[in-house]
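Q: Spelled out, the chains give:
Number of protein chains: 2
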Amino acid sequence: MSKPGLPQGTRDFGPETVRKRNFIFDTIRSEFEIYGYEPLETPAMENLDTLLGKYGEEGDKLIFKILNNGLDHDSKKESARAAFENILKGKNDKAITERGLRYDLTIPFARYVATHQHEINFPFRRYQVQPVWRADRPQKGRYREFYQCDADVVGSHSLVNEVELIQIYLTVFEKLGMDVEVRINHRKILAGLAESCGGAGYTNLITTAIDKLDKIGMEKVKDELTEKKLTPLQMEIIEKYLHIEGNNEAKIQQLSALLPNQLTQSGIRDLQYILKFFGSENPKADFKYLPGSEKVILDFSLARGLNYYTGIIFEVRAKGVNIGSIGGGGRYDDLTGLFGVPGIPGVGISFGVDRIYDVMEELKLFPETVQRSTQVLFFHLGEEAAKKSFELMQSLRKEGMRCELFHEQAKLDKQFKYAEKKNIPTVVIIGADELKSGMAKLKNLATGIQSEIKFENLNQGLTLNA
Amino acid sequence: MSKPGLPQGTRDFGPETVRKRNFIFDTIRSEFEIYGYEPLETPAMENLDTLLGKYGEEGDKLIFKILNNGLDHDSKKESARAAFENILKGKNDKAITERGLRYDLTIPFARYVATHQHEINFPFRRYQVQPVWRADRPQKGRYREFYQCDADVVGSHSLVNEVELIQIYLTVFEKLGMDVEVRINHRKILAGLAESCGGAGYTNLITTAIDKLDKIGMEKVKDELTEKKLTPLQMEIIEKYLHIEGNNEAKIQQLSALLPNQLTQSGIRDLQYILKFFGSENPKADFKYLPGSEKVILDFSLARGLNYYTGIIFEVRAKGVNIGSIGGGGRYDDLTGLFGVPGIPGVGISFGVDRIYDVMEELKLFPETVQRSTQVLFFHLGEEAAKKSFELMQSLRKEGMRCELFHEQAKLDKQFKYAEKKNIPTVVIIGADELKSGMAKLKNLATGIQSEIKFENLNQGLTLNA
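Heads up: the sequence lines are chains A and B, in that order. Residue numbering for the first sequence follows this note's numbering, beginning at 1492 and increasing consecutively. Residue numbering for the second sequence follows this note's numbering, beginning at 1492 and increasing consecutively.
Honestly, I wouldn't trust all of these hints.
Copies of the same chain look alike in the list, so a pair counts if it fits in one copy or across any two.
[What the hints assert, rightly or not] Pairs of lysine-lysine residues, derived as BS3-like cross-links and limited to a Cα-Cα distance of at most 27 Å, are as follows:
#  : residue 1 : residue 2
1  : 1912      : 1731
2  : 1631      : 1719
3  : 1582      : 1912
4  : 1810      : 1703
5  : 1810      : 1913
6  : 1552      : 1567
7  : 1567      : 1945
8  : 1779      : 1889
9  : 1545      : 1731
10 : 1731      : 1779
11 : 1855      : 1889
12 : 1878      : 1666
13 : 1879      : 1719
14 : 1889      : 1879
15 : 1889      : 1913
16 : 1945      : 1905
17 : 1703      : 1666
18 : 1552      : 1767
19 : 1567      : 1582
20 : 1927      : 1905
21 : 1913      : 1934
22 : 1568      : 1908
23 : 1706      : 1631
24 : 1779      : 1879
Don't read these hints as lab results, they were simulated from the structure. A quick note: this is a predicted structure, and the numbers were derived from the prediction, not measured.
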């Protein structure tokens, strides 16, 4: 039989990769916890009722649906055959498939909040780190199974939440050793721009066009908008808007002059409130500002696609690598309205773990210790000596040292090779001679330095070096 | 719209449950690591080629299959319709479904080893903690999505692996505070029994009958075997076999006398080798025995169903609760033969995390700290004071303390209630008066004790108490 492959767009994660990914996940998780966010886990499958219609027509097509079991029961065949015709027409039919794999973590979270609204202690801060599945065409950096890593707080209008989420971004990336910028904008500013350029009906149109700026460039954005019959005057406003530059303060002044309407001004007030926490301009202030003000950048060209955001929006970019956004999020008015529970606002962020992994790999940012599993290998040089090794090893393991005894008697060479391949830094050699003398040989594989140590001092010697 | 439910047999895990489950997972994972086992993760979906035919006919029916996307493309409709007729006949057809959700962690592991055999550093010790999915009829304690938690070492015949896996069981359950027994038997002993009772052809028959002993009792096992035309003499041997009792040594003596055949004797030798490591009978021995010998119990009625085991088999039971097995495993000759790579032996164990959770919940074994997220809540008593609170909180967070500032100005009552509901042990109260005096009020919600502390000493005061 030929060796079986993996489904397209899915991956195995071997030991080294899992350890590196866990380093990222653990760093993020513990920062979420420090800010009072609590873990939630939802099932991989949701009822299709929950999923369909939430991600647009394109999204619906990308949901993996699970075939109902037992379609070959005699009692079900006839209706299944008829129902399958619906599937062939592109319509869903519960007689064929009732469940799908989750497409993101937001809809399952909304479902959870809607269902448990009466038990939840609001504001509810939750984080969730789980895989999602999309039947997208696989390509470099795009997978059919990938992890999302989200934190949201719901049931609170306070902008301090936004401040804290920005701070989480800054701290996590500092801990990962990555140099980043958090770009922020406000949906009300985009709406205010539309108001000055044709009215509220133009918000989606203009937002979509601006969202493509990075990809297609200013000229094509202008072409697209002209096609949609924006007047030259309106086009001029948009162009001026997109050309706003300088430091945050200068940007706000220009924007304020360009779009004096109430919507925009209200967006500006929110941004100012948040930026004040990061201000470093006035060292005499009675309030100790948060570090990293130079990393929080107003970017009025930030749009975050056409999703459900209504307030502040965020995006994180790594400096010095051209990889796009490695995190994003924003504020929304109404998380659970789709599930019949209106009026629950919130704000959330997410981390793009696959891209963060790629950046860290490219810049060699993973600490050496992450790539190490077993700390000490005891060589196997015959039953008698191995028994002693086992005994000594057991005492090290009790203190939390990660150890192994080579599984069988073998040439030194073979055992050294095993240690090297597994990146084990230290080997302990106990053969017949050592058994007699009561002294173990220790070898550090990185330096090549060999030493001797009394059996009874092994614990101390090794734990000190670990 | 009505609130959407969850698919049958699946569960949400809220914050408290996730934390308790992670306590179990983390305890197991770190013990796996101490013994040199490395993490592996495989995708939720596998090609159906990989899964089908591996779990028997019943198993095949319980695999969740994923409907191919794009069946409504005009080019595919005709062939899909024809292919669906196969599904209705109970035959799989790739035109309808190519992928399924993994049913266990062993087959994905075997696929991984078969695919990567030339890169793997044998013996390969891997652990894997991931969900699996089965379209079983849901009932109390049986779910359609549940986590498996496995460790296997492949590429080694050494029985020291078995010793270490037993030791992992004992240490993990000791750390979890659970009183357990590890029962062990050997497949060669069951085969030896069959040899004495009708020949090798009877091995499956006798194993299956013995496996049901717990469920249906001795009389029904006898009925079943009599039905299969076992002679009274053969029945007598089986009955004697199942009545073997006493301590491990006594059991071995009785078994050895009852079944002197080579197969059984070879099984006995393996068991004796392993038991020697746990022997505590001779305190003068030159070898320091492993603790817990009284928890390692020979149980010749242990069968572990009809799976692929060929050597030692294990099962763990919790004492004092009637919940069945909470872990099991064994040695197999050939992990990857099904994938065209013969001759890779191994041994593995798994933990039944759902049942372990239930036992720990029933016996109240989860430590209090596991149930706590945020450690300190700062009250919000107006913008000015809250600014100071935020500043002080930020400095605590820097030291890894899990803190929150209540999200808006509110009555004390409301803020206390939030803290209580979230099980936050300490609150810090800073209002206008405290702002003036530079002293924060601290309240321990468990004891009700209130104290005052200078702003600048808050860090020290709180981290000491944490």
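Q: Next, verify each hint and record whether it holds.
A: These are the hints, each one checked on the structure:
In the homo-oligomer, the alpha carbons of residue 1912 and residue 1731 never lie at most 27 Å apart, since the shortest distance is 59 Å inside one protomer and 51 Å across protomers. Taking the closest pair of Cα atoms, residue 1631 and residue 1719 never come within 27 Å of each other, the shortest separation being 34 Å inside a single copy and 59 Å across copies. In the homo-oligomer, the alpha carbons of residue 1582 and residue 1912 never lie at most 27 Å apart, since the shortest distance is 53 Å inside one protomer and 45 Å across protomers. Taking identical chains as interchangeable, the C-alpha atoms of residue 1810 and residue 1703 lie at most 27 Å apart only when both belong to the same chain, with a minimum of 20 Å there against 63 Å between chains.
Proximity of residue 1810 and residue 1913 under a CA criterion of 27 Å is satisfied in neither setting, with 33 Å inside one chain copy and 38 Å between copies. Proximity of residue 1552 to residue 1567 under the C-alpha cut-off of 27 Å is found in both arrangements, the shortest distances being 26 Å within a copy and 16 Å between copies. For the homomeric pair residue 1567 and residue 1945, neither the shortest alpha-carbon distance inside one copy (74 Å) nor that between copies (73 Å) is at most 27 Å. In this homomeric assembly, residue 1779 and residue 1889 come within 27 Å of each other (Cα to Cα) only across copies, at 14 Å, whereas the closest approach inside a single copy is 45 Å.
Proximity of residue 1545 to residue 1731 under the C-alpha cut-off of 27 Å is found in neither arrangement, the shortest distances being 35 Å within a copy and 65 Å between copies. In this homomeric assembly, residue 1731 and residue 1779 never come within 27 Å of each other (Cα to Cα): the closest approach is 35 Å inside a single copy and 80 Å across copies. Only between protomers do residue 1855 and residue 1889 lie at most 27 Å apart by alpha-carbon distance; the minimum there is 25 Å, versus 33 Å within a single protomer. Within a single copy, residue 1878 and residue 1666 get their C-alpha atoms only as close as 43 Å, which misses the 27 Å cut-off; across copies the closest is 25 Å, which meets it.
Within a single copy, residue 1879 and residue 1719 get their C-alpha atoms no closer than 82 Å, and across copies no closer than 51 Å, so neither meets the 27 Å cut-off. Taking the shortest Cα distances, residue 1889 and residue 1879 sit within 27 Å of each other inside one copy (16 Å), while across copies they are farther apart (46 Å). Taking the shortest alpha-carbon separations for residue 1889 and residue 1913, only the intra-copy value of 22 Å comes in at or below 27 Å, while the best inter-copy value is 35 Å. Taking identical chains as interchangeable, the C-alpha atoms of residue 1945 and residue 1905 lie at most 27 Å apart only when both belong to the same chain, with a minimum of 25 Å there against 63 Å between chains.
Taking CA atoms no more than 27 Å apart as the test, residue 1703 paired with residue 1666 passes in neither setting, with 32 Å inside one copy and 55 Å between copies. For a Cα distance limit of 27 Å, the shortest separation of residue 1552 from residue 1767 qualifies neither inside one copy, at 44 Å, nor across copies, at 61 Å. Taking the shortest alpha-carbon separations for residue 1567 and residue 1582, both the intra-copy value of 19 Å and the inter-copy value of 15 Å come in at or below 27 Å. When the C-alpha separation of residue 1927 and residue 1905 is checked against a cutoff of 27 Å, the pair qualifies only within one copy, where the shortest distance is 24 Å, while the shortest distance between copies is 72 Å.
Taking the shortest Cα distances, residue 1913 and residue 1934 sit within 27 Å of each other inside one copy (15 Å), while across copies they are farther apart (51 Å). For a Cα distance limit of 27 Å, the shortest separation of residue 1568 from residue 1908 qualifies neither inside one copy, at 59 Å, nor across copies, at 56 Å. For a Cα distance limit of 27 Å, the shortest separation of residue 1706 from residue 1631 inside one copy, 17 Å, qualifies, whereas the shortest one across copies, 53 Å, does not. In this assembly of identical chains, the alpha carbons of residue 1779 and residue 1879 lie at most 27 Å apart only when taken from different copies (9 Å versus 59 Å within one copy).
Of the numbered hints given earlier, the model fails hints 1, 2, 3, 5, 7, 9, 10, 13, 17, 18, 22; all others are met.
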